[in-house]
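Participant: Protein chains in written order, with my numbering: chain Z, 1 to 335; chain F, 336 to 780; chain Y, 781 to 1083.
Source of the hints: derived by calculation from the structure; they are not laboratory data. Treat the hints loosely; a few may be bogus.
[Stated by the list, open to error] Restraint-style ranges between C-beta atoms, simulated for each label pair: (1) Y/Met1022 - F/Asn758: 57 to 63 Å; (2) F/Asn758 - Y/Leu803: 32 to 38 Å; (3) Y/Asp938 - Z/Gly114: 49 to 55 Å.
[Stated by the list, open to error] Here are the simulated DSS-like pairs of lysine-lysine, each with C-alpha atoms no more than 30 Å apart in a straight line: (4) F/Lys386 - Y/Lys895; (5) Y/Lys999 - F/Lys418; (6) F/Lys641 - Z/Lys64; (7) F/Lys367 - Y/Lys1033; (8) F/Lys570 - F/Lys462; (9) Z/Lys20 - F/Lys454; (10) Z/Lys324 - F/Lys730; (11) F/Lys454 - F/Lys494.
Ideal Cβ positions, reconstructed from N, Cα and C, are used throughout, including at glycine.
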Amino acid sequence: MNQFTISGSPHIHGEESVSKIMYTVVLALLPAVLVSAYFFGLDAIRVLFIAVISCMFFEWVIQKYIIKGPITITDGSAVVAGMLLAFNVPSNLPWWILVIGALATIGIAKMSFGGLGRNPFNPALVGRVFMLISFPVQMTSWPIAKPVFAEGLTDAITGPTALGLLKEGVDAGKTIDQILADPAMPDYIDRITGNMSGSLGEMSAIALIIGGLFMIWRKVINWQVPFSIIFTVFVFAGIFHLIDPTMYIEPTFHLFAGGLMLGAIFMATDMVTSPMTISGKLVFGVGIGLITIIIRFWGAYPEGISFAILIMNAFVPLINNSFKPKRFGVKAVSK
Amino acid sequence: MKSLKTFKIGGVHPEENKRSANAPIQILPFPKQAIIPLGQNLGAPSKPLVKRGDEVKTGQLIAGGESFIAANLHSPFTGKVSKIDNFLDSSGYRRPAIVIDVQEEDIWEDGIDTSGTIKREITADRKTIIDTIKSCGIVGLGGATFPTHVKMMVPDGKKAEYLIINGVECEPYLTSDHRLMLEKGQELLIGIQILMKALDVEKAIVGIENNKRDAINHLTELAAGFERIQIQPLKVKYPQGGEKQLIKATVNREVPSGKLPIEVGCVVSNVGTAFAVYEAVQKNKPLIERIVTVTGKAVKKPSNFKVRVGTPVQQLIDAAEGLPENTGKIINGGPMMGKAIMSTEVPVVKGTSGILLMKQEESRRKTALNCIRCSKCTSVCPMGLEPYLLLKLVKLERYEDGMKERIMDCIECGSCQFTCPSNLPLLDYLKLGKQRAGQIIRSRK
Amino acid sequence: MNEVILYTLLTLGLLGTVAAVILYFVAQKFKVIENPMIDLVDDVLPKANCGGCGFPGCRAFAEALVKSANENHSLDGLNCPVGGNDVMKSAAAILGLEVEEQEPLIAVIRCNGSKANSPAKINYDGPSTCAFAHNLYAGEGGCPHGCLGLGDCEVSCDFDAIHISSETGLPEVNEKCVACGACVKACPRGIIELRPKGKKDRRIFVSCINQEKGGVAKKNCEVACIGCSKCFKVCPFDAITMSNNLAYIDPVKCKLCRKCVEVCPTNSIHEINFPPRKIKPEATEETTKTMAVSHQEPNENKA
């Protein structure tokens, strides 16, 4: 006679699984990968490859020899962390810096808290900020985008990002019109399609938005976080632009320049480090948007989204405590 | 097409797998021996009124309920009481039961109308109806087995406005209510009218999920001949059969936390219960049989049976052409809220809505991983709770905090565990937490 | 340069002085006057904070001891199971009182439904907690009273004294047990009992708590107590009582004669730390004593 199983209800399980979610994110990242490969050629693929492989390697080493627990590198979370890390760096970054960044990503930000699901901060961003602070020169020399099919293969030239130009210009006391007149400044079409200098992943807003829509459709992320970030940035930057158009650039510039789209769609929406409720997610997004603009306007760095996300990550437990879902049948009890 | 009504917060949509939807209700032959557990309803178990060696007729009262929430038990068979002793229940514990050696000839107790004629006219007055429901041992047949007469007694100061009839059958696989609506529509509607009279309500709404188009059409046609009964198609979404969710879906009212449906002027009853009420009031027939679905992916002949209470589950499985080779789990009820049972020797009780045989490969749970804080459990919870947080609080034995997070509101629908990508046993811990929190609440009183 | 250093020192020094003065007055204002005896008693307590005494932590117990000494001039009813007689004596000495010797207790597992004795009839698939499994079903072996083997006792133990054996699937108590009673509370089936350690760590107890009729119990488990009353009849000291098809040995009345162990048809009565039996079955108390001298066994408990 075969032995039956006894267990609590429910006895069926849905289709969802952790690795399915993670590989959906990988799929959603693919358009952006293609765009960066188009602009940076083999360099982009090299950086991606090193980041993913070293993230998976460190996760394996730590799980096998330090934690001595089950090995879960195939669940896709290390792949996602590696890809996002690569998206945050310039394509000409030396391989050893990338490996150190991967160690910070997996070792410090993820495994030291107990692995997937327990990290309070977004691992890829911790890795990025770690590298940015430790190797500021290498991390901010951005190669100029050069479509692979373009004529002539000259050595990679580095140049400042659109946000870098803006920051330098404002600090030097130029007006916005003067800054925009700079020939190094990419025009609108370039900013949306990604034909400008910058890190791997922040190139093409369109590719990132396609990935984001795909994830929303597959219910991997909610629309609330990216929407509230983008909306806040737009409104906040818009207000300042209206106050003083010579000092503050018009708000759409901020939406498509730098890592805002990447951060809003792929970084801030990271399940582990974002709030659990819809209202909490909105608050979280608004906070990120505000801090981003504050750093971009008045901070020392030209780009602020990674710091903004990390700062708001720290507030997530507080947000979870204060913003509860709408309970069924509770409003009616109010006295 | 305008979108169908449903409840607002949360919900999931498991694969329906209604394999037995087109199998007409069959009558099952009698077993040799029947075991009738004394604790079949929610609340206090009944006290036996017969003793060993007594001859009993079908429909004879054999055990009575004394306390407020209790129900009468009637003999489902004609035969002799062979013993009154402890017997295995579905979870392997031993509970008191009456065992009857069944004789083949079925002799009914006097005064029970066993003819198939439909008696439409309701002659009984309100009090008689409630008394008959009580004496015939009618309990909620949706699964919770709450004694129906208790539900019918509307407390002072409250007024029932709607009678909501649950024909949702949102559990996957199960089709017993579906078949009942198709085959006993007329009787069902009369039963609803009886309940309406007992409750003195203006309107009854029958909520049926849209995956049962044939039942909706059939009942809508019949309901034209009845006053004040509305058939309401609903969007397919689990757990719509939950009392609170059904009220929200049909009349858009929210039962306050910790309160009963009567608080918002609603009384909810299952279609099976309404049919049993018809038989009790119009035919004086006590609740001794019910419709049970036997189904599963590997079952050769998924069927719906009309079964007398006390029939061993094994006999139902045999009638559905046997236990499949690779059966790994037997479930009493549906796959979302049903209970896995220890052996096939246990009898069908008033609350058995289906027997589901799961294949070996479906029976084991997947390995649980870390919570990745995806918040899917929070978004599917129909009560707006945060199962991930409650799981953590129960593991840390912080039951007081769990109560603040409204753990007692959990309706145990299992949507959270169904959807969890990390395969966490969320509901298992929530149930444990509810039990512990309940103990704390009781100890305060 | 010197000026900078001077100002720094002055500022910091001044700040420190002001803070110290404020702190002093605040400390005076909010001073808690506590019986100094509490500190003294607290010092001798084991600081396990296990709650075995019935108080939340050692400090609370120290307070209770001092209070009891002041009000009743005795320490009756108060006992630290972890520290045992030594700790209680020194605590009493501080308070100028004397305490009676308490017999040390140990947890015993009153179930022997191991994987071999009560083979699994069904697979459990769910969280590893006895509390949930107890609500769900009777147990893999089918006995509704027996050990579920999921280790709630192991989790509850602060002293690393109880572990589920992978071989039998039952908990085993080791000599680290201090009888704090945490596992007794944690077990939803109530199979763990605190019993006196006994002379030379020897104990006899019925390792079963099922109350089913004999046949039913035996069907679920080879070594179940079937309520046959043989031990009850053979016991010369009236130490065994029968109720609900179950025998219970009163540890106070039991003189460890082991007659019951011999007559038990299902081997559900366990003897622990006794020397191996001689061929003569009628071992009296006298002979056990002499045997014990010749067989000094290491202190090991096979519960």
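Participant: All hints are to be evaluated individually against the structure, with a verdict given for each.
Facilitator: Here's how the hints hold up against the structure:
no.: 1; hint: Y/Met1022 - F/Asn758: 57 to 63 Å; result: violated, 48 Å
no.: 2; hint: F/Asn758 - Y/Leu803: 32 to 38 Å; result: violated, 55 Å
no.: 3; hint: Y/Asp938 - Z/Gly114: 49 to 55 Å; result: violated, 23 Å
no.: 4; hint: F/Lys386 - Y/Lys895; result: violated, 39 Å
no.: 5; hint: Y/Lys999 - F/Lys418; result: holds, 20 Å
no.: 6; hint: F/Lys641 - Z/Lys64; result: violated, 57 Å
no.: 7; hint: F/Lys367 - Y/Lys1033; result: violated, 51 Å
no.: 8; hint: F/Lys570 - F/Lys462; result: violated, 37 Å
no.: 9; hint: Z/Lys20 - F/Lys454; result: violated, 57 Å
no.: 10; hint: Z/Lys324 - F/Lys730; result: holds, 20 Å
no.: 11; hint: F/Lys454 - F/Lys494; result: holds, 29 Å
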